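S.K.: The residues making up each chain are set out below.
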Amino acid sequence: MKRRITLILPVAALIFFAGYAALFIAPDEKTMHAIQRIFYFHVPSAISAFIAFFIVFIANTAYLVSRQLKWDWLGVAGAEVGVACCTVVLITGPIWARPVWGIWWTWDARLTSTFILWLLYISYLLLRALLEDSQRRATLSAIFGIFAFLDVPLVYLSNRLWRTQHPQPVILGGENSGLAPGMGKVLLICWIAVVYVMIVLLIDRYCLERLRHEYEELRFEVESRTAAAESVKGAR
Amino acid sequence: MKNFESLFAAWMVVWAVFFLYEVTVARRIANLREDIERLKQQLRES
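Heads up: the protein sequence lines correspond to chains A and B, in order. Note that the first sequence ends on residue 236 in our numbering; no numbers are left out. Note that the second sequence ends on residue 1046 in our numbering; no numbers are left out.
Where hints are given, some of them may not hold.
[Said to hold, decoys possible] Some chain B residues judged to face chain A by a derived CB distance under 8 Å, without partners named:
1) 1002
2) 1004
3) 1009
4) 1010
5) 1015
6) 1023
7) 1033
8) 1034
9) 1036
10) 1041
11) 1042
12) 1043
13) 1044
Keep in mind that the hints were calculated from the coordinates and are not lab data. Given the structure is predicted, the values throughout are model-derived calculations rather than measurements. Backbone N, C-alpha and C fix where the C-beta goes; we use that ideal spot for every residue, glycine too.
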């Protein structure tokens, strides 16, 4: 409990400070005004989703090389947390788009590839739910997880390679891109807040998977003992 | 502030998604801990 409080208190403080900075400290954008401030949570959530999916990719590769289940646990933890971050991206984007574009959604390269990314990792989680055997589940989902990661660079490059309704990149976007210094600092604060939340979620989700493994092992032991006791009774 | 409602809704959505997800994970952990304790008890008794 004490450990949880020491983890959650800084998160709550960071969330509060990041929210205050995004709503009141960040400079006003000239054309979009207040609605542009969604950017301070939309972009950090997108970057955090990429980080989480990269963790899935690393964990899946490490599992296929080492066959150690701890990598599988990290993989599923990363996938679920990544889906949570991607969900935030897919909800905040349309809330921003409606007043700015006049539409909630359009099937441009950036939005479509992000939606496919979300669907791929939902499929990854569904695939795991369908498989009973832990080694088979880990192997198949690792292969699928590596394949799913191919969409991450596609999402990143989509508004660099093609003309999209989605705004052109302001971070690492080349010439004529960039942020005002005040905006950059607020973005960094919000990104730290979202990444910290992501790390806390990742730790908890990993812990859940470790406990699930412990539960399955104990259940197997209880069932084996029960079967052995029944066979002894039957022999008598 | 124009569009403040949309901005506030987005801000709420961000933390609501993360908070609800954390609550479901914490609940699943608590349930599993109970089940593990029950199985350990069963093993001690057998």
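S.K.: Would you pick out the hints that fail for this structure and give their numbers low to high?
M.R.: 6, 8, 10, 13
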